[in-house]
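Q: Using the sequences provided together with the hints, build the complete structure.
The listed protein sequences correspond, in order, to chains A and B. Just so we're aligned: the first sequence equals residues 21 to 271 in my numbering. Just so we're aligned: the second sequence equals residues 168 to 387 in my numbering.
Read the hints as simulated data drawn from the structure, not as lab findings. No false leads were mixed into what you were given.
Keeping only pairs whose Cα atoms sit at most 25 Å apart, straight-line, the calculated SDA-like set for lysine to any residue is:
(1) B:K253 <-> A:D231
(2) A:K266 <-> B:H236
(3) B:K363 <-> A:D179
What follows is a list of derived Cβ distance ranges for each label pair:
(4) A:K67 <-> B:P360: 47 to 53 Å
(5) A:Y153 <-> B:V274: 38 to 44 Å
(6) A:K270 <-> B:V277: 34 to 40 Å
These numbers come from a predicted model, not from an experiment. For glycine and all other residues, C-beta sits at the position ideal for the given N, C-alpha and C.
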Amino acid sequence: MDKTINVTLKIWRQAGPKAKGEFITYKMDNVSTDSSFLEMLDVLNEKLVKEHKEPVAFDHDCREGICGMCSLYINGHPHGKDSETTTCQLHMRRFKDGETITVEPWRSAAFPVIKDLMVDRGAYDKIIQAGGYVSISTGGVPDANAIPISKDIADEAMDAATCIGCGACAAACKNGSAMLFVAAKVSQLALLPQGKVEAARRAKAMVAKMDELGFGNCTNTGACEAECPKAVSITHIARLNREFLKAKFKD
Amino acid sequence: MWLIDSSIGRKFIMSITGAFLVLFLIFHSLMNIVVIISPEGYNAICEFLGANWYAVVGTIVLAAGFVIHIVYALYLTLQNMRARGKQRYDVSENQKSVEWSSQNMFVLGVIVLGFLVLHFYNFWYKMQFAELTGIQTGLFDPANGAAYVSDLFSSWIYCVVYIVWLVALWFHLTHGVWSALHTLGWNNKTWMPRVKMISNIVSTIVILMFMSIPVYYLFS
Ligand code: HEM
Ligand code: FES
Numbered sequence: 021m022d023k024t025i026n027v028t029l030k031i032w033r034q035a036g037p038k039a040k041g042e043f044i045t046y047k048m049d050n051v052s053t054d055s056s057f058l059e060m061l062d063v064l065n066e067k068l069v070k071e072h073k074e075p076v077a078f079d080h081d082c083r084e085g086i087c088g089m090c091s092l093y094i095n096g097h098p099h100g101k102d103s104e105t106t107t108c109q110l111h112m113r114r115f116k117d118g119e120t121i122t123v124e125p126w127r128s129a130a131f132p133v134i135k136d137l138m139v140d141r142g143a144y145d146k147i148i149q150a151g152g153y154v155s156i157s158t159g160g161v162p163d164a165n166a167i168p169i170s171k172d173i174a175d176e177a178m179d180a181a182t183c184i185g186c187g188a189c190a191a192a193c194k195n196g197s198a199m200l201f202v203a204a205k206v207s208q209l210a211l212l213p214q215g216k217v218e219a220a221r222r223a224k225a226m227v228a229k230m231d232e233l234g235f236g237n238c239t240n241t242g243a244c245e246a247e248c249p250k251a252v253s254i255t256h257i258a259r260l261n262r263e264f265l266k267a268k269f270k271d
Numbered sequence: 168m169w170l171i172d173s174s175i176g177r178k179f180i181m182s183i184t185g186a187f188l189v190l191f192l193i194f195h196s197l198m199n200i201v202v203i204i205s206p207e208g209y210n211a212i213c214e215f216l217g218a219n220w221y222a223v224v225g226t227i228v229l230a231a232g233f234v235i236h237i238v239y240a241l242y243l244t245l246q247n248m249r250a251r252g253k254q255r256y257d258v259s260e261n262q263k264s265v266e267w268s269s270q271n272m273f274v275l276g277v278i279v280l281g282f283l284v285l286h287f288y289n290f291w292y293k294m295q296f297a298e299l300t301g302i303q304t305g306l307f308d309p310a311n312g313a314a315y316v317s318d319l320f321s322s323w324i325y326c327v328v329y330i331v332w333l334v335a336l337w338f339h340l341t342h343g344v345w346s347a348l349h350t351l352g353w354n355n356k357t358w359m360p361r362v363k364m365i366s367n368i369v370s371t372i373v374i375l376m377f378m379s380i381p382v383y384y385l386f387s
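A: Next comes the structure, spelled out in structure tokens:
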């Protein structure tokens, strides 16, 4: 038997980047607890379309927690209250019958709202373009024994590489800082031989871009790590600080 | 200049000045507890420091550290508010793992600064300032630190005021010490719990040493 609940949604509606936004309340009855949060929003949008109203704009793509496209600040938490889940992995069974759910877009000066719950996260792409890559083709996957890398280092690089660039870190940060994202991207490459060569240049370029785009200064609160759907550790931020300071003192 | 233009550069200045102030506090607290053990010994330290050139140079360097720390605190905090944007969340819930002090460093700093002004009036103005200018600003000889301490703390209100001040400073330090190490890059997964532990131990010892004085006078 399908269990269903009734919830009230308080959703941020904003017609465009310059328009004034406001919260609109929608009643959702008989929501299956087996449906995902985004499926529930799909049902709402179908209803709105049938009523000839504008559907709620929100970002999503893979719906399996790997692309980083979904966002939403749900009841005071990016990607909802559950730890280590993206919004697309959040299910309605996590909500109580009769609950009011407040849904807001990411709020950070560097992530302006495009429409409703959709924000422009192009700033993260620009940071990647500033240096979040290895400049030459390093060929296919090398044999495991060709370049020996210790398990600790490989694990650490892999943990950093799990970052999906969703923006929850900056959205959760009281300082609007993108440090966790930048730290993950710098770490994943700086730890491995292919990326180490350009580590200094990369750290400087990516931090410079991050600052230029108006992200804040990290005060090590750790809110980012707590809200990160991939639980990327703030110890990567210590590594970024190290890489950056080392590079600057060498100049 | 990257120490002004880049976020990590600014944080570097914040952590260096903060760590410097912590070192000063360790010295200051060690010096202070002497007043409980031996008022004469304490006065000898006051005499030794006084308005001698090394004490004056030390004071100027210390003041510079404070000013830079505070100027950067203002600059960083304003920038962070701007980065957050005008539109705030309607519903926002704190994460359990986030220390309260880490989100209130500026408020704690302002509280610390407010009491610091009072502290300057209570002691510095009557001691080093009096000695430097030759103006008699207090009741006792400028080098008679022990007399000033016991006079001030004969009032229980002052004891409580100083204890409240130290509690605010404790909160600032429990986050500040590990955060400074983290900012300097001295942290990783293994060290994270250790660095936080060091931070708690250092701040607690320093604050307990300071606090023992008003507590001692309160009960004697
Ligand atoms: C005895 C006095 C003080 C000591 C020992 C001290 C120490 C520290 C330390 C060690 C940090 C950590 C730096 C980092 O995160 O890298 C810090 C941060 C901070 N302090 Fe202080 N501080 C003192 C007074 C003040 C005052 C008077 C203010 C402001 C009016 C202030 C405002 C701040 C702020 C806003 C931060 C956070 C900055 C950031 O993380 O970006 N502090 N302090
Ligand atoms: S939609 Fe791809 S991670 Fe959520």
